[in-house]
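Chains as they are written, first to last, in our numbering: chain A, -8 to 293; chain B, 2 to 140; chain C, 285 to 403.
Hint data in this document are derived by calculation from the structure and do not stem from the laboratory.
Accuracy of the hints is not assured; some may be wrong.
Here are some chain C residues pointing at chain B (derived, C-beta under 8 Å) [said to hold, decoys possible]:
1. Gly307
2. Asp308
3. Ser309
4. Gly313
5. Asp317
6. Leu319
7. Val339
8. Asp341
9. Phe343
10. Asp370
11. Val371
12. Phe373
13. Ser374
14. Leu377
15. Gly379
16. Leu380
When the alpha-carbon atoms are kept at most 20 Å apart in a straight line, the in silico SDA-like pairs for lysine to any residue are as follows [what the hints assert, rightly or not]:
17. A:Lys266 / B:Asp98
18. A:Lys144 / A:Arg93
19. A:Lys144 / A:Ala83
20. A:Lys266 / C:Thr399
21. A:Lys144 / A:Glu12
22. A:Lys69 / A:Pro106
Only part of the chain C face toward chain B is listed, based on derived beta-carbon distances under 10 Å [stated by the list, open to error]:
23. Val289
24. Leu306
25. Asp310
26. Leu340
27. Gly344
28. Gln368
29. Pro369
30. Met378
Where a beta carbon is used, it is the ideal one built from N, C-alpha and C, also for glycine.
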Amino acid sequence: MSDIIASSAPRADRLRPATDEQLRWFDITETDRSRAEALAATADELAEPIIEDFYRHLLSFEGARRHFRDDDQIARVKQGQLRYFRELVAAALDDEYVANRRRIGLIHERAGVTPTLYVGAYAYYLHSLGHMVMDRMQDDPARAVSLLLSLNKIAHFDMALALETYVDTREAAIEQREREMSELPTPVLQLRDGLLLIPVVGTLDSFRARNLTVRVLERIRDLRARAVVLDITGVAAVDSAVASHLIQTMTAARLMGATAVLTGLSAEVAQALVKIGVTSEALHTAGDLQHGIEIAERLMEG
Amino acid sequence: MSPPVLPAEQVLRIARDGDIVAARQAGRLMASEIGFSRPEQALIATAISELTRNIVSYAGTGRLSCRAVQQPRRIGLRIIAEDQGPGIPDLEAALRDGYSTGNSLGLGLPGTRRIMDDFDIRSAPGQGVTVTVTKWTSC
Amino acid sequence: MAGRVAILRQGRVLIASLQEALGDSDILGLQSDILRDVIRHRATGVIVDVSALDVLDSFGTRTLADMAAAVQLRGARLAIVGIQPDVAFSMVLMGLTLTGVATARDLETGLALLTGAGE
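Chain A extracted, bound-state conformation:
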């Protein structure tokens, strides 16, 4: 039985490389930063017309238009965007910058700005800025390209930060939902004197399985039960880990002097039980609930 019970050690927080590491990964050097800064004046000057242009583009999409309540809101969002792109060429790219970018990513996620919208807007801005910079620096196109390529690196770094935030937020939401599933209360019903029915519903991780066991045992004591029927028809996925949790619950019930019957087993579950070495001799099982209750009643009399 050595590996039946999974380790309950907490999951380590996902490792996040320090800002320096990230900059190194994107190969952003001091040269890149100073080149981007060289674009600051131009970017500053051009940001407004580019953003105006972008919003004309954006608002030509009906789906996008519905995101905005009124012109005031559009004006506010434009201001935010202006600041965002100015920071791109001027910011220090330090921890504070990273934290700030992540915060903005979170706001985007909440506001329903999809990664496509976000990356699309970014591309539009870089593209427009690129054209304008090339126009203005016709006398030194090589320098223009090098400046824009540096800006490109920083922009990708910046996008990665936002996308990480999207992923993190989504993951947190999934974890939250799983947590809620695993905290679904499990009712313990008294079918008749001494006979309990426990319909287990949802996912059964080791955390919830332990809670389930504790609760079943307490009810056995309080209601002086002699038999319990554990119905797993509603359990989302029964793998060998879940199966061994269920067997633990049933074994604990037996230790307290109550017979346990497992019902609602699919063919796959029966197989999973056999795989972890359970024989029907050690375990009362039934395909459907009605049959399971009959078995439990017979065992109570015998």
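Following the hints, put chains B and C in place on chain A, whose structure we already have.
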């Protein structure tokens, strides 16, 4: 929510049968002060029982310390059992279910590892055994 | 020499109630006392009431299982009664399942189990 006042560390000398009983009572009390549920208290008391029995059976004497540990989002109880006995020659085997060197304690160590959250064992032949286990409150 | 755990007799069933702060040597003492009494009183059943125990670890469980097997070799049956919810919980997580040993909720049902089986 104000943080609970954590109980002070306790160090117990383990040499006799009666010390095992005293140790698990002390550990259970401390666990309840930290805020562990009753089933969790039972797990902690069981772990202490196993660790202290190993001291009495294999080393004769040793000591057990129980200490509250705090992390940003959780509190735990850390139990360290140490002795200067003969040590365990094959740690890996000792952690396998069913292994025992005579006193039929085959499930003691692997079982203890299962019921605690963190488990660490150090030993070398002739150098005694130190087992460190921690149980965290479920937050 | 009698151990620290008193053994009562009801008909041909012996009843031993373990107390909370029981040491290992007390449990071992009980084991030999019970085996002696099963023969002396020609008992058909033995009930070990553990309802006062808040811990049953690998040693305690192993000793109870040995006791049950030895009692059976002497032609009687042993039932363990009164395992508390928290104790049952930690036993199964430890992997201590007392396979093959009869269990019952309390003294009363344990007695019914043993005497009923003898009919």
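Status of each hint after checking the structure:
The interface hint given for glycine 307 of chain C holds, since its Cβ lies 4 Å from the closest Cβ of chain B, which is under the 8 Å cut-off. The interface hint given for aspartate 308 of chain C is met, as the beta carbon of that residue sits about 5 Å from the closest beta carbon of chain B, less than 8 Å. The beta carbon of serine 309 of chain C is positioned within 8 Å of a beta carbon in chain B (closest approach about 5 Å), and the interface hint is therefore held. The beta carbon of glycine 313 of chain C comes no nearer than 11 Å to any beta carbon in chain B, farther than 8 Å, and the hint placing it at the interface is violated.
The interface hint given for aspartate 317 of chain C is violated, since its Cβ lies 17 Å from the closest Cβ of chain B, which is over the 8 Å cut-off. A cut of 8 Å between beta carbons decides the hint on leucine 319 of chain C: the least distance to chain B is about 18 Å, and the hint is violated. Interface restraint check for valine 339 of chain C: the shortest CB-CB distance to chain B comes to about 5 Å, inside 8 Å, so the restraint holds. Restraint check, aspartate 341 of chain C versus chain B: the minimum CB separation of about 4 Å is within 8 Å; hint holds.
The closest approach between the C-beta of phenylalanine 343 of chain C and any C-beta of chain B is roughly 6 Å, which is under the 8 Å cut-off, so the hint is satisfied. Because the closest C-beta pair between aspartate 370 of chain C and chain B is about 4 Å apart, less than 8 Å, the hint holds. The criterion of a C-beta within 8 Å of any C-beta in chain B is met by valine 371 of chain C, whose closest approach is roughly 6 Å, and the hint holds. Below 8 Å, beta-carbon pairs count as interface contacts, and phenylalanine 373 of chain C has one with chain B at about 5 Å; its hint therefore holds.
Against a cut-off of 8 Å between C-beta atoms, the interface hint on serine 374 of chain C holds, since the closest Cβ of chain B lies about 5 Å away. The restraint placing leucine 377 of chain C at the interface with chain B holds, with a minimum CB-CB distance near 5 Å, inside the 8 Å limit. The restraint placing glycine 379 of chain C at the interface with chain B holds, with a minimum CB-CB distance near 5 Å, inside the 8 Å limit. The beta carbon of leucine 380 of chain C comes within 6 Å of a beta carbon in chain B, closer than 8 Å, and the hint placing it at the interface holds.
At roughly 18 Å between alpha-carbon atoms, lysine 266 of chain A and aspartate 98 of chain B fall within 20 Å of each other, so this suggested pair holds. Distance restraint check for lysine 144 of chain A and arginine 93 of chain A: the Cα-Cα separation of roughly 18 Å lies within the 20 Å cut-off, and the hinted pair is therefore satisfied. With a CA separation close to 14 Å, the supplied pair lysine 144 of chain A and alanine 83 of chain A stays within the 20 Å bound. With a C-alpha separation of about 38 Å, the suggested pair lysine 266 of chain A and threonine 399 of chain C falls outside the 20 Å cut-off, and the hint is violated.
Note on lysine 144 of chain A and glutamate 12 of chain A: the hinted pairing holds, with a Cα-Cα distance of about 15 Å set against a maximum of 20 Å. With a C-alpha separation of about 18 Å, the suggested pairing of lysine 69 of chain A with proline 106 of chain A holds against the 20 Å cut-off. Annotation: valine 289 of chain C was flagged as interfacial toward chain B, and the flag is violated, the nearest CB pair being 14 Å apart, outside 10 Å. Hint status for leucine 306 of chain C: holds, given a least beta-carbon distance of 7 Å to chain B, under 10 Å.
For aspartate 310 of chain C, the shortest C-beta to C-beta distance to chain B is roughly 8 Å, which falls under 10 Å, so the interface hint holds. Evaluation of the leucine 340 of chain C hint against chain B yields a held restraint, the C-beta minimum of about 8 Å falling below 10 Å. With a cut of 10 Å, the hint placing glycine 344 of chain C at the interface with chain B holds, because the nearest CB-to-CB distance is about 8 Å. A hinted interface residue such as glutamine 368 of chain C counts as satisfied when its beta carbon comes closer than 10 Å to some beta carbon of chain B; here the least separation is about 8 Å, so the hint holds.
Because the closest C-beta pair between proline 369 of chain C and chain B is about 8 Å apart, less than 10 Å, the hint holds. About 4 Å separates the beta-carbon of methionine 378 of chain C from the nearest beta-carbon of chain B, less than 10 Å, and the hint is met.
Consistency with the previously given hints fails for numbers 4, 5, 6, 20 and 23, ordered from lowest to highest.
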